[in-house]
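Chemist: Next come the chains, spelled out residue by residue.
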Amino acid sequence: MGAVLILTPVIIGSWPAITTAVAGAAAAMGLMVSQSVKETLNEGQSDAEQSVELELSDSEVLAESMATDQEIVLTKGAIELRVKRDERGRCSVCAKGTGHSEVELKKIAEEFTQKLTQCFVYDKVMRELKNKDFQVVNEEVSEDESIRIHVRRWMD
Amino acid sequence: MAQHEVEITISKEGEVKVHIKGAKGKSCLVYSKWLSQLVGKVKNQKLTSEHYEPEIKARIDLKQNLGIDE
Numbered sequence: 001m002g003a004v005l006i007l008t009p010v011i012i013g014s015w016p017a018i019t020t021a022v023a024g025a026a027a028a029m030g031l032m033v034s035q036s037v038k039e040t041l042n043e044g045q046s047d048a049e050q051s052v053e054l055e056l057s058d059s060e061v062l063a064e065s066m067a068t069d070q071e072i073v074l075t076k077g078a079i080e081l082r083v084k085r086d087e088r089g090r091c092s093v094c095a096k097g098t099g100h101s102e103v104e105l106k107k108i109a110e111e112f113t114q115k116l117t118q119c120f121v122y123d124k125v126m127r128e129l130k131n132k133d134f135q136v137v138n139e140e141v142s143e144d145e146s147i148r149i150h151v152r153r154w155m156d
Numbered sequence: 157m158a159q160h161e162v163e164i165t166i167s168k169e170g171e172v173k174v175h176i177k178g179a180k181g182k183s184c185l186v187y188s189k190w191l192s193q194l195v196g197k198v199k200n201q202k203l204t205s206e207h208y209e210p211e212i213k214a215r216i217d218l219k220q221n222l223g224i225d226e
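Chains as they are written, first to last, in the numbering used here: chain V, 1 to 156; chain C, 157 to 226.
Same shape as in the complex, but just chain V (with noise of 0.2 angstroms):
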């Protein structure tokens, strides 16, 4: 018997784990790490910057072992990307960046989520394939820029 799967992800992490895979998100996208703790909370915001909030709805951050305010700050260029805890639990990225529109950052935020979200599934996903001794077949990166994993296992 056989069987095909849709699964949609459920971001539930510790702090490291969520920052794992966004320092595999910032790497993919060529952002750079440039804090990991926040201590900028009070910098005010110029009048032309934009700056646009997404919060991955199906997402809790466990907040064991993890320091009030603590973010994560990424940047590219003119913008910045920070990834934090909301007050929800939930994982927020918002964008913002001087000479970008909302709809630019937006876009962003969008793309960076996705990736973060295709990033911790994998970290997931092979940590328990391998704990479950699964051999990896084949992996692979399509140009659709999705991630294909074969694996295979022996069962008396």
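No wet-lab data here; the hints were simulated from the structure. Note that beta-carbon positions come from the ideal geometry of N, C-alpha and C, so glycine has one too. One or more of the hints may lead you astray.
[Claimed, not checked] Calculated lysine-lysine pairs in the PhoX-like style (CA-CA distance at most 20 angstroms, straight line):
hint : chain 1 : residue 1 : chain 2 : residue 2
1    : V       : K124      : C       : K173
2    : C       : K177      : V       : K130
3    : V       : K132      : C       : K180
4    : C       : K168      : V       : K132
[To be verified] Cβ pair distances, simulated, as ranges:
hint : chain 1 : residue 1 : chain 2 : residue 2 : range
5    : V       : E128      : C       : A158      : 18 to 24 angstroms
6    : C       : M157      : V       : S34       : 48 to 54 angstroms
7    : V       : T75       : C       : M157      : 48 to 54 angstroms
8    : V       : K76       : C       : E169      : 16 to 22 angstroms
9    : C       : K182      : V       : T98       : 55 to 61 angstroms
Chain V is fixed; fit chain C onto it per the hints.
Modeler: Frame of chain V; chain C shown alone:
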């Protein structure tokens, strides 16, 4: 020894497609449950054509039940 294979595709948007092959009977559903708990919510699930092929034991049972030799 049975070979169980799983093909997993994680789309650019993060959606996950899983194809389970070679797992017979309830073991396939065990894999489905394990992977759905691991990843998130089940959006769609369908059993492949293998599922609809009668298992040998079931065919024998049916033949025995009907009293048919061949």
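Chemist: Against the 20 angstroms threshold, does the CA-CA distance of K132(V) and K180(C) hold or violate the hint?
Modeler: With a Cα-Cα distance of about 18 angstroms, the restraint between K132(V) and K180(C) holds, given a limit of 20 angstroms.
Chemist: State, for the Cβ atoms of K76(V) and E169(C), whether the hinted interval 16 to 22 angstroms holds or is violated.
Modeler: 21 angstroms, holds
Chemist: Using the C-beta atoms of T75(V) and M157(C), is the stated range 48 to 54 angstroms upheld?
Modeler: 52 angstroms, holds
Chemist: Sort out whether K173(C) lies within 20 angstroms of K124(V), counting only the CA atoms.
Modeler: 15 angstroms, holds
Chemist: Please test the hint of 55 to 61 angstroms on the beta carbon pair from K182(C) and T98(V).
Modeler: With Cβ atoms ~58 angstroms apart, the hint holds.
Chemist: Taking 48 to 54 angstroms as the hint, is the beta-carbon distance of M157(C) and S34(V) inside that range?
Modeler: 52 angstroms, holds
Chemist: Taking the beta carbons of E128(V) and A158(C), is their distance inside 18 to 24 angstroms?
Modeler: Once the Cβ atoms are compared, 20 angstroms apart, the range 18 to 24 angstroms for A158(C) and E128(V) holds.
Chemist: Does K132(V) sit within 20 angstroms of K168(C), going by the straight-line distance between their CA atoms?
Modeler: The given pair, whose Cα atoms are some 25 angstroms apart, is violated under the 20 angstroms limit.
Chemist: Taking only the CA atoms, is the gap from K177(C) to K130(V) under or equal to 20 angstroms?
Modeler: 18 angstroms, holds
Taken one by one, the earlier hints fail for this structure only at number 4.
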